[in-house]
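I would like the entire structure built from these sequences, with the hints used as guidance.
Chains A, Y, G and L, in that order, give the protein sequences.
Offset between the first sequence (1-based) and my numbering: plus 304.
Offset between the second sequence (1-based) and my numbering: plus 304.
Offset between the third sequence (1-based) and my numbering: plus 304.
Offset between the fourth sequence (1-based) and my numbering: plus 304.
Do not take every clue at face value.
Because identical chains share one entry, a pair is satisfied inside a single copy or across any pair of copies.
[Claimed, not checked] Computed cross-link-like contacts, PhoX-like style, restricted to lysine-lysine with a CA-CA straight-line distance of at most 25 angstroms: (1) Lys429 <-> Lys547; (2) Lys432 <-> Lys487; (3) Lys361 <-> Lys487; (4) Lys341 <-> Lys520; (5) Lys361 <-> Lys429; (6) Lys501 <-> Lys599; (7) Lys321 <-> Lys707; (8) Lys708 <-> Lys321; (9) Lys599 <-> Lys708; (10) Lys381 <-> Lys321; (11) Lys428 <-> Lys361; (12) Lys599 <-> Lys474; (13) Lys378 <-> Lys429; (14) Lys341 <-> Lys474.
Derived from the structure by calculation, the hints contain no laboratory data.
There are 4 protein chains.
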Amino acid sequence: MDFNHSQKTLGYIERVKAFMDEHIYPVEEQIYAETHKLNPGGDWKNWQVHPLIEPLKKKAQDAGLWNLFLPDTKLGKGLTTLEYAPLAEQMGRVLFASEIFNCNAPDTGNMEVLYHFGNEFQQKKWLKPLLAGEIRSVFGMTEPDVASSDATNMQATVELDGNELVLNGKKWWSTGLGHPNAKITIFMALSNPENDKHSQHSMVVVPLDTPGIEIKRMLQAFGDYDAPSGHGEMHLTNVRVPKENLLVGMGKGFAIAQGRLGPGRIHHCMRSIGCAEKALELAMQRGMSRSAFGKPLMMLGGNRERVAEARIAIEQARLLTLQAAWKIDNLGVKNAMVDISAIKVAVPKMLEEVVDMAIQIHGGAGMCDDFPLARFAAGARALRLADGPDEVHKGMVARLELKKYQ
Amino acid sequence: MDFNHSQKTLGYIERVKAFMDEHIYPVEEQIYAETHKLNPGGDWKNWQVHPLIEPLKKKAQDAGLWNLFLPDTKLGKGLTTLEYAPLAEQMGRVLFASEIFNCNAPDTGNMEVLYHFGNEFQQKKWLKPLLAGEIRSVFGMTEPDVASSDATNMQATVELDGNELVLNGKKWWSTGLGHPNAKITIFMALSNPENDKHSQHSMVVVPLDTPGIEIKRMLQAFGDYDAPSGHGEMHLTNVRVPKENLLVGMGKGFAIAQGRLGPGRIHHCMRSIGCAEKALELAMQRGMSRSAFGKPLMMLGGNRERVAEARIAIEQARLLTLQAAWKIDNLGVKNAMVDISAIKVAVPKMLEEVVDMAIQIHGGAGMCDDFPLARFAAGARALRLADGPDEVHKGMVARLELKKYQ
Amino acid sequence: MDFNHSQKTLGYIERVKAFMDEHIYPVEEQIYAETHKLNPGGDWKNWQVHPLIEPLKKKAQDAGLWNLFLPDTKLGKGLTTLEYAPLAEQMGRVLFASEIFNCNAPDTGNMEVLYHFGNEFQQKKWLKPLLAGEIRSVFGMTEPDVASSDATNMQATVELDGNELVLNGKKWWSTGLGHPNAKITIFMALSNPENDKHSQHSMVVVPLDTPGIEIKRMLQAFGDYDAPSGHGEMHLTNVRVPKENLLVGMGKGFAIAQGRLGPGRIHHCMRSIGCAEKALELAMQRGMSRSAFGKPLMMLGGNRERVAEARIAIEQARLLTLQAAWKIDNLGVKNAMVDISAIKVAVPKMLEEVVDMAIQIHGGAGMCDDFPLARFAAGARALRLADGPDEVHKGMVARLELKKYQ
Amino acid sequence: MDFNHSQKTLGYIERVKAFMDEHIYPVEEQIYAETHKLNPGGDWKNWQVHPLIEPLKKKAQDAGLWNLFLPDTKLGKGLTTLEYAPLAEQMGRVLFASEIFNCNAPDTGNMEVLYHFGNEFQQKKWLKPLLAGEIRSVFGMTEPDVASSDATNMQATVELDGNELVLNGKKWWSTGLGHPNAKITIFMALSNPENDKHSQHSMVVVPLDTPGIEIKRMLQAFGDYDAPSGHGEMHLTNVRVPKENLLVGMGKGFAIAQGRLGPGRIHHCMRSIGCAEKALELAMQRGMSRSAFGKPLMMLGGNRERVAEARIAIEQARLLTLQAAWKIDNLGVKNAMVDISAIKVAVPKMLEEVVDMAIQIHGGAGMCDDFPLARFAAGARALRLADGPDEVHKGMVARLELKKYQ
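As structure tokens, this is what we get:
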């Protein structure tokens, strides 16, 4: 395992950092505050993208810092998962930064799906505008009425009727559903109950303006609507799309989902690591600049011990994630499944603890919007459930361990 | 220590439970949802109290379940801290319930201050309408520009100028400041820097419509404005009030604060225990009613172990709090300071862990407003900072321990 | 629940404290050191009781501080479980103190069994000398070849053959087996496999010199033989005892075991609390008397926070145990089963953490025999397995919680 | 950072594994049991090395698996710290294995000191027989009468008197002092109090048979004498050695100590990781082979979650240690100090938790000598104090973090 950054990666790290220094950090607080004011509640139909976002995207595109996540050398920058990882870390320091580089979830995952599994028609119709950052997309997997941690519980259905696919079911926690530019969702549903467990589901691309789709509401995750992107609940009733919208084939949903999740978790985890670094940085700055009982806060009681624990936890989380990235690149997603589950468990927990420490150092300021810490905390907590609860992923890790002894 | 509930207490527990069964639980979800819709963001000038609240308050008053927290037999119900404790626990199960019984913070603390330390004029003018539930009040202690965990950092000032007190300074996290009925704040400030450390501050009652008071904004605590009550930031610039508004005397602020905090922490902690019981109840219901991998969620993996840990933690927290209440009643607040610090540390941490477990069992539903769990989590986390960060209270507990060996 | 100590209890606490001050603490270190030297390894046949022990027992008997655990007013002192609890706490401060007062496990449990379930013959023959402190006894339950956390796994058998009971099987972790005065064991075994799950086992009193009993070895628990008492492994091969040695009747083993365990766990837990107090005391003394980096150790980094956490944990553990004791006394063992499981989980964990903190403050000295801390640590860890692993007891607590929702 | 094992390393891993498979594992249990019987207590003067040890050493030497730790290509095998790391991991699986390969502490550290800092005379006299495995050595640093976590507390002295050095002072926790072959100790003491803090101490090689050295006793660490090597207390009274025995020069003790500790901690940590792997392996085997409540133990409750947590923790610990090794090799020990402190904190804690889990799965068997788990636990706990308590190392990590903000 070589975690060394190649010259190419080092160059990109420098360029992403420089871009953030020049263009993003100077407007970070402004965009946080104004986005919040522009989108005060759950009234998603009126949500607006901050006016600085599109110009920033344009700048990133012009700077050649665009679609960095995509391994393709033409459509992306030809970076491996391991090479892209430190760039995702940099982006994770600012809540909206990955979007500026067209590297934000769930679009990245959807683009990967279309890139790897879409046919020419699908790529032209949907991958192209996604890669251009012109539209945004949604991924519909989790359902409100069942425990979605067990995918076999899925109730949504897709049936072939002549040349059309008929879709029914409810999805929620569909990320990005509230975004003004959200145009399509990938919809996963039961199609072939007669097949074996991992060949029963299919994935279909569904334009969001198709009749029969009702967006019920946006959901707050720990008080955060994450506007103007949002996590929504949508109900599909006899929604009809042409069968050309089917990805790969009936019953291939699981196979596609597997491939999609691997790199996506690396991205999530590396962003979380960047986020943790930012939280630690904020903690240090606050802890050195405010005093109580005659000393900087940071020098009181167990605070320095907690800083050390944070530093150690961040280092371990980064190494584990880089190892998983390396395995994806070198052994394939399938042979990295356990590693991908392992980081899914370890990294959000680390982030939660580091952010919690940072909030405690900040006192009341840490709880409100004067700092991004409360949103970091909400995000970290949500990640312990997103893509399956930690417990399910621990089960995955344990299963492999058990295999050695059976 | 006798933690047995007296017949009187048992009677009140029954009555509070019956009232909640009949009047509060049936509208719990409705009030949560509609209050949220009525008060969508931080625009506190337009915040509204849910129309069911005042009628419910009237009903509680008629039922003799009013001002239960106040030990006075005439103005309250003559309940000791220990006797009131289990009633606070019941109220803690619903976010708005304590208000219905006129037992909500910070009004309870302010009423206690006025009851114990207010003169006849002050009691008539402010205690009376507070006890009647006609007005609401605010407590201004924490400041935005310094580490308020060290009270000697306080920058706000109060000076005597003829017959008037002149107030200057900024306060934030002033609970209840956004409420339409909030009419006064108790304001704590530096008045006598020449005195010894615990005699430098004074407390003044300040009507919120006094010129020079500017309410800057309401603060979100972990995404929650807690509307229509809220936690606000106010700036006082040369605010003048008659010297009759001074509580007790110049330099008496700390002595008053000490007395105020003791029972208030019992209330907070008992409500937290009720809140934890509710969270555990929700976890059990969800965990038994949803299934994955062929079993109710609750029967999977380590879930039952976590339920047991929650039950044990709740029991221990309740006993520790009852012990502190007993000591306040029997040994006085001053001799219970360590116990009061101890519950300040132990109970919010317990609540945080129980709620976290409940959220995990709920999956995505636990993060959004379909259940009160996300708000419970926000409240629990905030309590680790409110009234001083845990670390300061651990310092108090350690100090007493150290004394034994010095 | 009234946890107040009665005048009677207060008197006994004073007397036990005074006895320990006068007679036990002055020889504590000497007895630790010399007992260790007298009994250097696992060669149990040569184990010797320290010569000061018997005289100390005599003194305690003369002082009326004897058999304090037994609720009987004639044979014991008529103390309830709750009244005895604080005395056990005092005894727990010194590893051998409970023996001085004839209040040591497993004799207490065995005396309780004989007291509650023994017939006149059995009481005269075995209870009398045990109460006199003339002999010691053993309890044979756990088995080496199966997971004994599930009692239905038990492989030892007892069969009626004419007027004799024939016993076969292996037991280990039989506490006290190495003691020179150990004369009998209570032996639990499968007798009635045809019965329902809780009526299949029987308990028999077996003199240790009966032919067919082989004591295989004494077991170290984390490097500690606990000489000269010890935990042993014994194999019984066609051991024959008269059927008069059967307790209550065939198939009554479980019922007896249930009754035995309740008060015994209170004793264990209260001793653990005394042990934790002693560990905290040692930590404070060491932490205040040694310095590094210019300060007493106790004033460095997070040490005071850890002291506060220890104090809070001890208080909570004590209250939970007193509550369980109160329930045993007032509601019966059966209705206190969950509470008894709860303290089994909570108290050893608390002890482990407090002792671990104390060891860390002591540095190298905490690991070796200069202080009793390493043995406290071994004992605490063992308690997480003794009487069933924590996980089984969490299962008990969860089961009751689940019942409320089924 | 390239953690990839070179072909050379891969070859050595295979050979070490094969050697252990063929020669060590088959006698592992036998040597554990018989060594324990040979050396029943603290009577170190009669301690004996198990008769199989020397023949095994000879075999390892013949197999070219000797002094693998030493980077020198002639005296050792020319392996870098990173290359040696996985070999140390393999050795860590068996308590006595590192000795077989002449890679055991504290001899490795002492050999490194003599290799890097010894002059020709010193190397010929002491390094040579150490490299040959003919003698063993001791390192005298920690002192009984002061908090040795602060090295400036050190009370032992060394003074130049003509051509002799005069040594006085007490040392304890001197590892290997009880070994029959222990012939020398490196002794660190205050020599130049007038110098700046890091130039006040010197290191001297002292033959253990020099008059004035009294070995007071061997110390148990959590019940384990670690015979026949042991950790001892020695008192030096006017011990005189020729000044040729001084390492480097007066006042150079700290500089030598720094260099010594880096690779040593990598070795310790990698052995700990091997030890954790072994503990997890034992847990899996026991957990799959014993059943309760109708299932293998491993399938009950939260056990699989704990296995997953163990696996994740081991992976993270290994990566962090490999990173530190890589930094030592590529950036120098000085630039890896924080990393070395970080693994000192993270790895023993990980080991403690993994071993604790394994013990819990084993039940009573985990506590006694039937498995090496209790000794693993003692070792893990000791490592949280050895080479400085965790708190001091957290301070190191925090200091570097603070530097970034000062």
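Right, here's what the structure says about each hint:
In the homo-oligomer, the alpha carbons of Lys429 and Lys547 lie at most 25 angstroms apart inside one protomer (14 angstroms), although the nearest pairing across protomers, at 75 angstroms, exceeds that limit. Taking CA atoms no more than 25 angstroms apart as the test, Lys432 paired with Lys487 passes inside one copy only; the shortest distance there is 13 angstroms, against 59 angstroms between copies. When the C-alpha separation of Lys361 and Lys487 is checked against a cutoff of 25 angstroms, the pair qualifies only within one copy, where the shortest distance is 18 angstroms, while the shortest distance between copies is 48 angstroms. In this assembly of identical chains, the alpha carbons of Lys341 and Lys520 lie at most 25 angstroms apart whether taken from the same copy (23 angstroms) or from different copies (15 angstroms).
In this homomeric assembly, Lys361 and Lys429 come within 25 angstroms of each other (Cα to Cα) only inside a single copy, at 21 angstroms, whereas the closest approach across copies is 60 angstroms. In this homomeric assembly, Lys501 and Lys599 come within 25 angstroms of each other (Cα to Cα) only across copies, at 17 angstroms, whereas the closest approach inside a single copy is 61 angstroms. When the C-alpha separation of Lys321 and Lys707 is checked against a cutoff of 25 angstroms, the pair qualifies only between copies, where the shortest distance is 22 angstroms, while the shortest distance within a copy is 43 angstroms. Proximity of Lys708 to Lys321 under the C-alpha cut-off of 25 angstroms is restricted to the inter-copy arrangement: shortest distance 18 angstroms between copies versus 43 angstroms within a copy.
For a Cα distance limit of 25 angstroms, the shortest separation of Lys599 from Lys708 across copies, 18 angstroms, qualifies, whereas the shortest one inside one copy, 53 angstroms, does not. Taking the shortest Cα distances, Lys381 and Lys321 sit within 25 angstroms of each other inside one copy (17 angstroms), while across copies they are farther apart (43 angstroms). Taking identical chains as interchangeable, the C-alpha atoms of Lys428 and Lys361 lie at most 25 angstroms apart only when both belong to the same chain, with a minimum of 21 angstroms there against 62 angstroms between chains. Taking the closest pair of Cα atoms, Lys599 and Lys474 come within 25 angstroms of each other only across two copies (23 angstroms); inside a single copy the shortest separation is 55 angstroms, beyond that limit.
Within a single copy, Lys378 and Lys429 get their C-alpha atoms as close as 18 angstroms, which meets the 25 angstroms cut-off; across copies the closest is 66 angstroms, which misses it. In this assembly of identical chains, Lys341 and Lys474 lie within 25 angstroms of each other by CA distance solely across copies; the values are 23 angstroms between and 31 angstroms within a copy.
Checked against the numbered hints given earlier, this structure breaks none of them.
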